Amino acid sequence: MKRKLIRNFCIIAHIDHGKSTLADRLLEETHVINRGAGVAQVLDDMDLEREKGITIKSHAIRLEYEHDNKTYVYNLIDTPGHVDFSYEVSRSLASCEGALLLVDASQGIEAQTMSNLYLALDNNLEIIPVINKIDIPGADVEGAVHEVSETLGVHESEVFCISAKMGTGIDSLLQGIAKYIPAPDGDRENPPQALIFDSYYDVYRGVVVLIRMYEGTLKKGDAVKLFSTGKQYEVEEIGHLGLQLIPGTSLSAGEVGYIISGIKDVSEARVGDTITTIKDGCKKALEGFQEPKPMVYSGIFPLNGEDYQDLLESLAKLKLNDSSIVYEKESSMALGFGFRCGFLGMLHLEIVKERLLREYNLPIITTTPSVTFNVSLTDGTVKSINNPVEFPDPARITEVDEPFMSVEIMVPEKFVGNIMKLAMDRRGIQKDMQYIDEKRVAIHYEMPLLEIIFDFYDRLKSVSKGYASLDYSFLDYRKANIVKVDILINGERVDAMSFMCHEDKAYNWGKSVADTLRDEIPRHLFKIALQACIGAKIIARSTISAMRKNVTAKCYGGDITRKKKLLEKQKEGKKRMKEIGSVNVPQEAFLAVLKTNRD
Amino acid sequence: MIYIHVPFCIRKCGYCSFFSVPLDRELQDRYVSCLVKEIRQIGKTLYPETLYFGGGTPSLLEIPEFEKILSYFDLSHCKELTLEVNPATISSDYAEKLRILGFNRVSIGAQSTDAGELRWLGRIHTHEDTVNCVSMLREAGFDNISLDLIYALPGQETTSVLQSAKALCQLQPQHFSLYCLSLEDSVPLAGWQSKLPDGDTAAEMYENLCDWLTVASFSQYELSNFSLPGFESRHNSAYWNQVPYMGFGPSAAGFTGERRYKNPVSIVDWIEMVDSGSREWEHETLNNREQEYIMLRLRTTIGISFAEFSRRFGVDFQQKYSDVTAFLEKHSMLEEDVTHARLTRKGRFVADEVIQHFFIDDER
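Read top to bottom, the protein sequences are chains W and A. Note that our numbering numbers the first sequence so that position 74 is 74, with each residue one more than the last. Note that our numbering numbers the second sequence so that position 239 is 239, with each residue one more than the last.
The shape of chain W in the complex, shown without the other chains (with noise of 0.2 angstroms):
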């Protein structure tokens, strides 16, 4: 393999903008896949992706390209697209010589895909703008190609120009890739140095490690270790990427590919690490690994109680294949044996939970989510509290810090108001506001992250009609005025229910859950308060009055039967529900105050 002739790179794009479309297109102007012979977007596998519109998990694949009587290998690395997984982007990025810019000609660049720009130009990553999708009514292709050619300071006629869905302009862009990417540094003969990007658990395998050789060459049969952990394997297999494993005997400086190696969780082999051979390997790690650090923590408690075994296996598996998820024991006395789950978002909680409905066919009840605080205590001491059952007294409580997040919004215009108004209600603190173009803006916030995990991204696409792009990453940790909200249905604290919230939106989430839990607890033979409490203080309550009528008026020969087997499929529904005191309250309601409105 001519390291000249590699060319490592990523496309970077917003959801919809078109990244997996114009990825199969490569595909198959290089002949990976024939045209329209494959499901479309190959390169994300899992189902719930393809639903989603997003890539959750990055994968890589290498495209072979005839020019110039030269056959240059492509190893196209695709990258995750949500907020949530901006680091295992940046690892990905550091894989690469070289990106695409890829925008949407009716959309413009979005707030996360120029901060996945940044990341790229802090790699020091060769950008080739590409406006997409040119096809299409309304695009604005020229004002796409001036807002892309200003914004990375280069000439109008560098952007290419291309409808990935119609293959229109994809050899000129496939030339464009060998003639402005640089080839991969690094030399084959240095002690072996190779940067994981990815990995995932396969069934069959076990963990397959997706790696970027940075210097050296790494040999089947290789003594190996992991500079993070210290951890000795043998490579029993190294290989290529294609849309398969393609095992070979070794890989070099500037190569993407993959070994496997006898490692049996993928938490072992983390994102970032680095990988170099026993004897004569290199002496210091690749710089920017860290250990995944989740940011919301929820309760995970399965639908039928019966089910805790089957979610105890379920989430190892699928923490084979995602090490970002922590969780350990927990125990409700509302909602049974379950999990405390730590994610890196929210949308990374949505994809944990659709999974293990989906693959898992378990379906389970999440508590409020939460951030961790910090919270010193009057004995000196400072204690970590991600879940409302451990929060402490609050006359012990001397201190409550939050986790801060900078936040980059970027908007028409003439959203800026709404989007403001949005911002100050979740207590953000503006830093600065730049106009991109005439008509768009970027503002900079610094917001608490127990803001943002609430429907905050919901909120801002409805204030700003779908337009507004956010992106956030980690700040600092700042005092505030946190409590928490214990909500009691007929007296009796329901643990599942408790949240911490700033205190100045205590009572109106208060209420809102109080009146959340009136329309979705049933009446019963007798009235139901509903309240929401700090400590022994009341601050909201709502009320159910007493059922009135539930009567069959005939009963007679014919009837009893069929009226008897009603009423035991009306117990039936009741046994479902969870008994709180002697209140039956159903999973919906629990389902139901997760989504209640805050505000």
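Simulated from the structure, these hints should not be mistaken for laboratory data. Everything hinted at is true.
Across the chosen pairs, the derived CB separations fall in these ranges:
no.	chain 1	residue 1	chain 2	residue 2	range
1	W	LYS527	A	ASP361	25 to 31 angstroms
2	A	LYS79	W	GLY336	53 to 59 angstroms
3	W	LYS527	A	ALA190	27 to 33 angstroms
Keep in mind that this is a model prediction, so the values were computed, not measured. Note that the Cβ used here is the ideal one computed from N, Cα and C, for glycine as well.
Once you have looked at the hints, place chain A on chain W.
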């Protein structure tokens, strides 16, 4: 006790979920022949204490048809022979002949006195028909007349219900059945389900009606039934006492005390079943019978007799259900004296909810 289902109507009412088909002479002939065949299959003469013709519209049967059907029973022990009557279907002559045949009780589907309400319900009669019907029956010698009243119609006010009740009361019936309207998914008026008065309004109507009937000297003896002293329906009371009964005709049900059956809800299927001479029985577990007994008895104002309960099921009601009764008494749904447990007035309109508390699984 015997129930006979007559599945013919001139026109089907939009709220009704009982089995009936449009009137058809030829089909009616086949029905009567088959009914007789079904009765004869029992293989012995039946001498019921009560016999009840329900429907459908049983008053569409002709006198000779009744004559034929009744000839297969020994009515010497029969204390109550009831016919359900649609007020638009009878004449003085018909009434007199019914009396001669031995009918001693009629139940009239009056439903309302308001012309608009009757129209909406899809009834073929007017209030005037009801008035005439009652006077013809009375002249024929009937002194045990029951009137049905339906309440909680969409948009109905409590005052309108009470007006109907008062106007019907002036006809001096001996018995009232009050039915809170419910619309099953299968009926033509099902689209109105969401427009029915809410539970609070329906409950208020029910309570007002109960109060008013009490003032008019009627005593409540079951959730939906009221009578002057001594005019309780023996036939229906027997159902609530879990007495064995037989049902003939399509969709009719029967119960031996341990096993039950339900005839096909189709004339053709029912004829086929009778022709084949075989019937599907379902065994009822003791636990099921016990729960059903509680369900039925709690509908009555007498309630559950502890002695009778223990005799039937071999268990002490008060002991077995002490947790349930304590809970229900705490919320004033149930009351007990030394011999009986019964629903309170407050518990009646939520009877279905209360009864479910007694559905405790056991192994029997």
